[in-house]
Amino acid sequence: MTDQIAIKGIKEGLLVTVSDAEGWADTSRALLARIDQTADFFKGAKVALAVGGRAINAADLGRLRDALSDRGVSLWAVLSDSPLTTNAAQALGLNVALPASTPQTRSVPEKEIDPEEARDEAVLVRHTLRSGRSVRHRGHVIVVGDVNPGAEIVAGGDIVVWGRLRGVAHAGAPAATLQGSSTNGDTGAVVCALDLSPTQLRIAEHIATSPARKGDPKPEMARIKNGQIVAERWSAKGKSE
Amino acid sequence: MTAKVVTITSGKGGVGKTTATANIAVALAGMGEKVVCIDGDIGLRNLDVVMGLENRIVYDLVDVVEGRARLRQAMIKDKRMPELYLIPAAQTRDKASVSPSDMIKVCNDLRSEFDWVLIDSPAGIERGFRNVIAPADQVLIVTNPEVSAVRDADRIVGLIEAEEKGPGHLIINRVKIEMVKRGDMLSTEDVLDILAIPLIGVIPEDEVILVSTNRGAPAAMEEKSRAGQAFRNIARRLKGEDVPFMSLDDNQGFWQKLTARFARSGG
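Protein chains in written order, with my numbering: chain X, 6 to 246; chain E, 53 to 319.
Same shape as in the complex, but just chain E:
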């Protein structure tokens, strides 16, 4: 087994990096993949909360890097999934406690045991960003359909290109189709027009996300959530499947398609 290291980043804060990381991880694990998530946001950790594993943290990434714990000891197993683990960030330290080469080493140690290593990023373009980009085989850039988020994503794409990590793949999060139709929100085309990188997912705005984040149960676990479905589609695309982008346009059309899919898979 040789894991692929995927870093989820954005530049701007609050666009949904952590939500995306947790949901893609759950989606991949739900497909039978062995997945480990690393929270790269040292000092402002969140991923443990979103995944509902906060109360089980004993050791963290900085303990591993500084030799106080073995990698195995810092890995928390998510018992709801067959093979999903989290390596949490330290809350009481800062970004400078980990270096890019530490991250590369940790990821290389994980490669032989997993199919996927997903890394959640801090906001910003400083040390923390370099830490999470250094080990990446693939980079997913999360943005919202708004001008400031797209501007920051553009900066990030430029930095990723400079680090020779490819142009990255784009996730557009929190799309409200009604607003796009009214012309009050940037459309997928508008965002792609500026960023000009391949699209890997479009996530509709979904209240289920907020509820599931607070409950610590990622929406990708919920069969009925539209956002959860969109994250599961990203997971399939990461695995190399050619999944058509789901229609955000029409609720009924979506449900019909979904039921049609279940009917098919159900036999």
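Excised from the complex, chain X in its bound form:
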């Protein structure tokens, strides 16, 4: 069982990599058993857990974190290629990446991805993003719900919010901001929302803040025009007013 689990020291503490050969229940049990065997070694450790492409929900992840915490081990980061796991980790307030100085260790070798193709992938978030949540994706991001102040979306492609956008939105983010996106960002990217009043709006390397709203919110789409971010009302006839 132990060869499922690889442990190595990194600058931030310990990096524990688990394979995805077994089910999650078995894997987490094996991990806890391993820690119990060498309890002194693990006591007080800060652990980053790499789970590969495995999909783990917030409840399971929370249980593992609490079980680790009972053993004096603090889980501070979860590294995964699965959007579900990453989402769950973020929801629990855990980090989802090691600081940039540390080389990324992935349990699954990254597939060769055509950057153009990758940007056409979209993630759908079907709930409100509350303060502190961050959704980062190299393709498009669609949210059905609100994006509250204090939440952020960083997308390599477009951002569509079926609700109120009041946090920070960055569409067409350049590679410096978002791993795997295009080098200089996508100046053709758009941000649309039923109520477009972001704290800050960025497209590629342009930055804008929302002007004070007059009257009722209307659906709007923001894009770059003549080197500036402009927001235009979106009408059902399919043309901007």
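These are calculated hints, taken from the structure and not from any lab test. All clues given are correct.
Residues from chain E shown here face chain X by an in silico Cβ test under 10 Å; the list is partial:
1. G63
2. P152
3. D154
4. A186
5. V199
6. R203
7. D204
8. R207
9. G210
10. L211
11. E215
12. L247
13. A248
Here are the simulated DSS-like pairs of lysine-lysine, each with C-alpha atoms no more than 30 Å apart in a straight line:
14. K56(E) / K129(E)
15. K51(X) / K217(E)
16. K233(E) / K223(X)
17. K51(X) / K64(E)
18. K86(E) / K291(E)
19. K291(E) / K276(E)
20. K219(X) / K228(E)
21. K217(E) / K157(E)
22. K217(E) / K48(X)
23. K48(X) / K157(E)
24. K233(E) / K219(X)
25. K157(E) / K64(E)
26. K219(X) / K230(X)
27. K291(E) / K129(E)
28. K217(E) / K64(E)
29. K228(E) / K64(E)
30. K129(E) / K157(E)
31. K51(X) / K157(E)
32. K86(E) / K56(E)
33. K129(E) / K276(E)
34. K291(E) / K56(E)
35. K276(E) / K228(E)
Some chain E residues well away from chain X (every beta-carbon gap over 10 Å; in silico):
36. K56
37. G82
38. V110
39. N160
40. A175
No residue lacks a Cβ here, since even glycine has one placed at the ideal position from N, Cα and C.
Knowing the structure of chain X, use the given hints to seat chain E on it.
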């Protein structure tokens, strides 16, 4: 008897978690319920002071968790109320001396003896927060009508949802109706617009709170305090009663209603 475990939390410090915990506890106990409060703010305990029980502490929560005292020994009875107890936090230890599973165990041990277990939280979203959320059946989120407190409450609601503890119920504390009318303070509607969770209480700003906190006699004991009345209403709502939100709008209207209620209950 199976107690309901209710955690009172906020994210931001200083919004009135401890005051709310003490007052709701007193209000529930005043209705004849068996109540025990746990101060979850280990290292920065306050609830004992607000409840006026500081000088009677012998054992605390960490003593119970680490096996130096039995649960019974750490429970301080509030003699002003028929069935109100406090389990104080340790002042000389930190959050890491208690784990989420310790809290679950303590609460489970209390369930059979009480109607309510109320847990006061530390500020923040780290270990201390997880300790108090783990055993909760219901979470009350306290906020003030100001942007930074609401932002932190929003973060907390997100974390509570991630822990699958439901969206929680909202208490808006320290509302100054004159300022809301002038447009200088967020209204209840403004706060609910962002947080979008059910409201369980709106507490008006009341000087009685400060005085009673310093005296160690929660305002819910005072018949005349408006804030005390608002806390008693929260207690009734927790018990499942459908209590209309009291009008903060008009002093006279409120007093008329209050006297009308007394007249009715007085026969």
